[in-house]
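Chains as they are written, first to last, in numbering that gives the first Met the number 0: chain A, 0 to 239; chain B, 0 to 132.
Heads up, a few of these hints could be off.
[As the list claims (entries may be wrong)] Simulated restraints on C-beta separations:
#	chain 1	residue 1	chain 2	residue 2	range
1	B	E118	A	I87	33 to 39 Å
2	B	F127	A	F205	56 to 62 Å
3	B	R92	A	V69	47 to 53 Å
[What the hints assert, rightly or not] What the simulated footprint calls covered on chain A by chain B, stretch by stretch (three residues with Cβ under 8 Å from a Cβ of chain B suffice, anywhere in the stretch; the number is not a length):
#	stretch
4	82 to 95
5	104 to 112
[Said to hold, decoys possible] Just some of the chain A residues that point at chain B, by a computed CB distance under 8 Å:
#	residue
6	V35
7	W43
8	L47
9	T50
10	M61
11	T62
12	M65
13	T68
14	S75
15	D226
16	L238
17	W239
No lab work stands behind these hints, which were simulated from the structure alone.
Where is the CB? At the ideal position from N, CA and C, for every residue including glycine.
Now for the letters of each chain:
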Amino acid sequence: MAETALTNPGESPARAAGWQGIAADWSSDQRAFKNVSWGKAMMWIFLLSDTFIFSCFLLSYMTARMSTTVPWPNPSEVFALNIGGRHIPLILIAIMTFILISSSGTMAMAVNFGYRRDRVRTAILMLVTAAFGATFVGMQAFEWTKLIMEGVRPWENPWGAAQFGSCFFMITGFHGTHVTIGVIFLIAIARKVWRGDFDVERRGFFTSRKGHYEIVEITGLYWHFVDLVWVFIFAFFYLW
Amino acid sequence: MTNLAVHLEAQQPLLQTHVHEAIATGAAHVKGQQHPIKLYLVVWGWLFVLSTCSYLVDYFGLHGYLRWSLILLFMVLKAGLIVAVFMHMAWERLALAYAILLPPVLVLVFVAIMVFESEYTHLIRVLFFAAPT
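Just chain A, with the same shape it has in the complex (with noise of 0.2 Å):
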C-alpha cells in the first residue's frame, strides 16, 4: 500500500505522447479505493455486476407478470406443505430462508475469528456455513421436483400464467447455482485455513502468491451476497 502513488490534484504529471500516455495512465499507480485490497475491490464490482444479472431476472419476472391477461398462481398456495396433518403455507421456502440466514450469521463469525487469526474455528465456522448451504440446496431440489411432479413447466402450469414456470426455473435455478459455487468456495477455502496456509504464508498451487486471511472476508463477501439476493427473490417472487 505504502509504494502507491496517490494523485495530487492540480498537477498534471507529466506523460508520453500518444497511446502510450493513455496505456500508462490507466495502468499505473492509479488507485480510487486507497485502503482496499484489489481482491476486496474486485469481489465487490463482481457482486455489482452479478447484482445486474439478478436485476434483469427479476424485471424481466415483474414485466411478465404484470402484462399476462390470465392470473398469476397464488405462490402461498404453490408452495404449501401438508406437515402432520396441517396445511401451512409458503413453509418451506420460510424455512430455506432461515437456513440462508443462519449461515449468513455464521459466516460473519468465521470473517471474525479469521482476522483474530483463530485457524480452527474459522474453518469450523466455514464448514458449518457450507454445510446450510448445501441443506438450502437440497430443499430446493425438493421444491423443484415436488413443482416439476405437480406439472410445472417452463412453458405451462396447472394454476394459470404460463409464464410462472419459467421465471421459477430461470431465477430460483441461478440462484441455487450461486449457492453451490458459493459451497465448493466455502470449502475450498476452509481447506486452506485448517492446513494453516495463511499462518505460514504457504504460496497458493494456482496463483503462486501468498495468502492472507482477508481470503475469508472476500469470501464472506460473496456469500452475503448470495443471502443478500435471496432476500429480494423471497420479496418479489414468493410474497408479492
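Assemble chain B onto chain A, guided by the hints.
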C-alpha cells in the same frame, strides 16, 4: 524519460507525506475488520425477527397496499443490515461504498420504464386478444 524521472523525484517529499497521512488514517483497518461477536449475533437475531415478520404477512393473508408496503419495508431493512454489518460496508471508505451502492439504485429507472412498457402490453392484450380479467 529522464525528464519524467526528474519530475517524479521532485515530487517525492510531497508524496511521502501523503503516504504517511494515508497510513495514519487507515490505521484502524490494518488488521482487517475487527468488531465484537455480539454485534453479529444481534444482527443475526434481527434478521430472524424481520424474516418471521415478512412470513407472517403471508401467513395472515394481508392484501393490497398494506401487504406490499410491509414486504418492501422488511426487505429493505434485511438487505440494509446484511450489506452494512455482515458485508462491512458501514466501515468501508466512502469512495467504495458509493461506487458499489449507487449503480444498483439506478436500476429503479429501468423498473419505471418496464412498468410503463408492461402496462401498455397489458392494455393491448386486453383490447385485442383476451377477455379482460
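Cross-check of the supplied hints:
1. For the hinted restraint 33 to 39 Å between E118/B and I87/A, the CB-CB distance of approximately 35 Å keeps it satisfied.
2. Checked against the hint of 56 to 62 Å, the C-beta distance between F127/B and F205/A comes to roughly 58 Å, which is consistent with it.
3. A beta carbon spacing of about 49 Å between R92/B and V69/A agrees with the range 47 to 53 Å that was offered as a hint.
4. Here's how the stretch 82 to 95 of chain A fares: 3 of its residues keep a CB closer than 8 Å to some CB of chain B, so the rule of at least three is met and the hint holds.
5. Taking a C-beta to C-beta cut-off of 8 Å, the stretch 104 to 112 of chain A contributes 6 residues in contact with chain B, enough for the three needed, and the coverage statement holds.
6. Against a cut-off of 8 Å between C-beta atoms, the interface hint on V35/A holds, since the closest Cβ of chain B lies about 5 Å away.
7. With its C-beta approaching chain B no nearer than about 5 Å, W43/A sits inside the 8 Å limit, and its interface hint holds.
8. Checking L47/A against chain B by beta carbon gives a least distance of about 6 Å; that is within 8 Å, so the hint holds.
9. Hint on T50/A holds. Least Cβ distance to chain B is approximately 5 Å, under the 8 Å limit.
10. For M61/A, the interface hint holds, the least distance from its beta-carbon to any beta-carbon of chain B being 6 Å, beneath 8 Å.
11. Given the 8 Å rule on beta carbons, the hint for T62/A holds: about 5 Å separates it from the nearest Cβ of chain B.
12. About 4 Å separates the beta-carbon of M65/A from the nearest beta-carbon of chain B, less than 8 Å, and the hint is met.
13. Interface hint at T68/A: satisfied, since its Cβ lies 4 Å from the closest Cβ of chain B, which is below the 8 Å cut-off.
14. Here the hint on S75/A is kept, as its CB sits about 5 Å from the closest CB of chain B, short of 8 Å.
15. Interface hint status for D226/A: upheld, as the beta-carbon distance to the closest one in chain B is roughly 6 Å, under 8 Å.
16. For the restraint placing L238/A at the interface with chain B, the shortest Cβ-Cβ distance is roughly 5 Å, inside the 8 Å limit, so the hint holds.
17. Because the beta carbon of W239/A sits about 7 Å from the nearest beta carbon in chain B, less than 8 Å, this interface hint is met.
In terms of the numbered hints stated before, the structure departs from none.
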